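Could you build the full structure based on these sequences and the hints that come with them?
Going by the numbering used here, the first residue of the sequence shown is number 1, and it counts up by one from there.
In case anyone wonders, no lab produced these hints; they're calculated from the structure. Take the hints with a grain of salt, since some may be wrong.
Distance condition first, Cα-Cα at most 25 angstroms in a straight line; then the derived DSS-like pairs of lysine-lysine [as the list claims (entries may be wrong)]:
#1 K328 <-> K313
#2 K393 <-> K353
#3 K348 <-> K396
#4 K353 <-> K396
#5 K310 <-> K348
#6 K359 <-> K393
#7 K387 <-> K353
#8 K153 <-> K313
#9 K149 <-> K387
#10 K100 <-> K127
#11 K387 <-> K313
#12 K153 <-> K396
#13 K194 <-> K328
#14 K328 <-> K348
#15 K310 <-> K387
#16 K387 <-> K153
#17 K328 <-> K396
#18 K106 <-> K153
Quick list of the computed label-pair ranges, beta carbon to beta carbon [claimed, not checked]:
#19 D177 <-> L336: 27 to 33 angstroms
#20 A299 <-> G337: 20 to 26 angstroms
#21 D96 <-> T221: 28 to 34 angstroms
#22 G337 <-> G374: 38 to 44 angstroms
#23 Q303 <-> E266: 46 to 52 angstroms
#24 P171 <-> D131: 17 to 23 angstroms
On a predicted model such as this, the values are computed, not experimentally measured, just so you know. We put the CB at the ideal spot given by N, CA and C, even for glycine.
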Amino acid sequence: MKRIFIFTLSLLCLSKIYSQKNAAEISAQKTEPQKIETQKVVEENHHAKDVDNAKDVDNTKEVSHTKDDVQTKDVVHERRQVPLASDEILARADIDNFRKQYLSEKWSALLYDYLESAMEYRLYVRKAVEDQNLPAIIEYLPIVESNYKTTAKSKSGAIGMWQFMANSVSPFLTLNDFVDERLDPWKSTDAALKKLQDNYNYFGDWLIAIAAYNCGAGAMTAAIKKAGNKDFWYLADKGYLSQQTALYVPKLLAIADISINSEYYEIDLPDHAQEFKTLENEKNGHFDYITVQNAYSLAQLAQEMRIDSKTLKHFNPSYTLGVTHPVKQSRIRLPLGMQETAIQALDKLTPIKFPLQYKVVAGDSLWSISRKYGTTVAALCDLNNIKENAILKIGKTLYIPSK
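Right, dumping it as structure tokens:
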């Protein structure tokens, strides 16, 4: 009986252990798919998060190149057409050499300074070119000629912003002992544009007309006759023009290309577009004038008008001695709105008389000349626009004021 009880108890224990083992296996079987499923979900969540993060990175890149809702990354500025030049022409080696030069750090900075400092004259040129329906690149021709310097003087004797020679001013400008209109940026601009238009009317081609401004109409006519061809590029490439004239037009086109397409070339150049829209001030071509018949000192007139003498001199740079012509009519350019003031001031002035012209000889000095003619060194200097310590050159003509 005791054995039966022990055997039965053993069977119950084994049954319980087996049941627990089966339960554990079943539980493990049930749990494993859940674990796998959970891992899959976690992996998917991580993947989704990575995708979202990737999207965030892309958006950040886009935002980093966005300003005020305007895309700024890789902005491609369209290259604008340069008047008188096709893309094929602009790709020429001679033009490209000048373009590379002016795109360098040094020369692009110089070009900026030239254009910025010449604003008042440049805008006058631009408006005159536009009003006369001339090629727009002519606005940049004074850069080639003088870098827009109104007092520029070449080794050959050409003077002013447009570099007129003394033998080429007639009939465009006045040049005498009292007046040199080559120094007047407004009058010389009018004269230069007239000369360019005359060249075009004669040759019928703008590149030839512009090149003829450099070498002269006579030399251009001879080159065309010799070549039997009036195409500028043919004349330049075949050696019918001087090297200076052959490179004159390429230099102009390169400067015009850079200036017109400064954004395309990614350099900073002043355009003055806003100033051009508002040309209603005396600096940009709007002046008052008075006409006088005798010689008057601009410095004395400015003093009576109570304005800076430098202002009046700036507006009238052609009066090289600082006085108007003693015989011929002279027109004095004034700040806008000051005509009546100038007329009243003029009534208080006495005209300067010029009874004598004196040529300097060896041993002369300002003091000895002033003593000889009963005047003062100061009056002599003022009339002749020289300093009291100036060295007199033999043969120089001095004007002697009347007593």
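- Task: Please work out if K194 and K328 have their alpha carbons no farther apart than 25 angstroms.
- Result: 24 angstroms, holds
- Message: Hint check: K153 vs K313, CA-CA at most 25 angstroms. Holds or violated?
- Response: 19 angstroms, holds
- Given the hinted pair K310 and K348, is their alpha-carbon gap at most 25 angstroms? It holds: about 20 angstroms lies between the C-alpha atoms, which stays within 25 angstroms.
- Message: Need the status of pair K153, K396: alpha-carbon distance at most 25 angstroms?
- Response: 19 angstroms, holds
- Can the restraint linking K328 and K348 be considered satisfied, given a maximum Cα separation of 25 angstroms? OK: K328 and K348 at ~21 angstroms, within 25 angstroms.
- Query: Has the given pair, K106 with K153, been kept, meaning a C-alpha gap of at most 25 angstroms?
  - Reply: 23 angstroms, holds
- Query: Do the beta carbons of G337 and G374 sit within 38 to 44 angstroms of each other?
  - Reply: 41 angstroms, holds
- Take a quick look at whether K353 and K396 sit within 25 angstroms of each other, Cα to Cα. 20 angstroms, holds
- Message: 20 to 26 angstroms was suggested as the range; check whether the CB atoms of A299 and G337 agree with it.
- Response: Between A299 and G337, where Cβ atoms are some 21 angstroms apart, the hint holds.
- Take a quick look at whether K393 and K353 sit within 25 angstroms of each other, Cα to Cα. 24 angstroms, holds
- Lying within 17 to 23 angstroms: is that true of the beta-carbon distance P171 to D131? Hint holds: Cβ distance 21 angstroms, inside 17 to 23 angstroms.
- Message: Against the 25 angstroms threshold, does the CA-CA distance of K359 and K393 hold or violate the hint?
- Response: The given pair, whose Cα atoms are some 9 angstroms apart, holds under the 25 angstroms limit.
The earlier numbered hints that this structure contradicts are 3 and 10.
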